[in-house]
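Protein sequences, first through last, are from chains A and B. Using our numbering, count along the first sequence one by one with no gaps and you end on 80. Using our numbering, count along the second sequence one by one with no gaps and you end on 252.
Hints listed in this document are in silico derivations from the structure and should not be mistaken for laboratory results. All of these numbers come straight from a predicted model, not from anything done at the bench. For every residue, glycine included, the Cβ atom is placed at its ideal position computed from N, Cα and C. The reader is advised that the hints may include incorrect statements.
To spell it out: a stretch of chain B is covered by chain A in this simulated footprint if at least three of its residues, at any positions, have a beta carbon under 8 Å from a beta carbon of chain A; those stretches are [unchecked claim]:
1. 110 to 124
2. 131 to 142
3. 149 to 161
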Amino acid sequence: MIILKYLLLIFLGVTAYLAISFKEILISIIFLSIFSIVLTALYLIHNAPDVALAEAVIGAGLNTAIFMTVISQIRADEDCHCRKDD
Amino acid sequence: MSRLKHISIVIILAFLGLIMLLDLNKIPNQFEYANSIYHHITNNAVGETGSLNFVTAILYDYRAYDSMGESTIIFGAVSGIVLLLSRKTLPVSSHGLSFIVKRTYGMLTPFIFLFSVYIIAHGHLSPGGGFQGGVILGAISIIFSIVYGSEFDYKRYTPTTKTLLETSGALLFIGIGLIGIIYSGSFLSNLNILNSEPGSLLSAGSIPFINLGIGFKIGAGLAIIFYSMIQKTFKEEASL
C-alpha cells in the first residue's frame, strides 16, 4: 500500500506538471481531470471517503464539464470576431 | 532570463515545501491530549448526535452554523452570476449528440438520480452527504444540456423551478435552525425527531433533513450557474 501511495504521489506531480506545460487548453483540462482522479485515489487511501467523493464529483466531473463549456464559448466568440473582420 | 526565472521558481517552491514539511511535523499528535476534541468526538458523537458518519455529525450538528455560512456563500455566488450573466432569451443550442448517446444517457439517468438520492439520504450512515449528492443532482442537469442540447432541459426544468428548489432547500435549513430555538433554546440544535437507534435510516434527529435541504440547494444552485453561463453564448449565436 505504501508503494502505491508514493507511486500515486509521483503521478500526481507528473499530471500537475503536464497540465501546465501544454499550449492547447483542451489537453490541460483533460490532465486536470486525471489529476483529480489520482487525488481521489489518494484521499481514499488516506481514509477520507467523504472528501474523495466530493473530489471525484466536483474535480473530475463538474469542473471538466464547466471548463469544456467555457472553452467552447470562447472559441465560438473568437470565430464570431473573425467572421466580422472578414 | 527565462532560465533564471525557471530556476528561481523551482528554488522558491522547494523552500516552501521544506517549510510546509517542518510545519506538518510540529502539528501535535491527536492522541496526545486526553481531553482533545478527537477523543470527545470518537467517544461521544454517536451518543450525542446518533450519526454514524462523524464527518456529517461535525458538519451538520457540531458545526452546523459554519455549514450555513458556506451555503450562504454559494447562494451569493449563484445570485451574482445570475445577475451578471442571465438573459431573458431562450437558449437555442445545437441538437446535442448522436441518437446512441441520447438513448444511453436516457436509460442511465434514473440510476444516477437514485445514486444521488442515496448519497443524500444516507449522509449520516455512509460517506457522502448533502453536498456530494447535490452536486450529482446538478450534474444530471448539466449532462442533459450537453447530450440533448440546452433547450431540452431548459423547457422541462425552468429557472423558476430551479430557484424555487434552491430557496426551499435554504429555507428548510434555516427553518430547522429556527425550530431549534423554540425546541431547545439554541440555533440549529439537534431536534431528535423521528429518532430510532443509530444505524437506521430515520436516526440522527435533524441531520437527514438538513442533508436534504443542502442537497436540493446545491444541486439547483449549480444547475442555475451552468445554465446562466451558457445562455449568453447561445443568444450571441442566434444573433449571427
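Hint by hint, here is what the structure shows:
no., hint, in the structure
1, 110 to 124, "violated (count 0)"
2, 131 to 142, "holds (count 4)"
3, 149 to 161, "holds (count 5)"
The structure fails hint 1 only (numbered hints given earlier).
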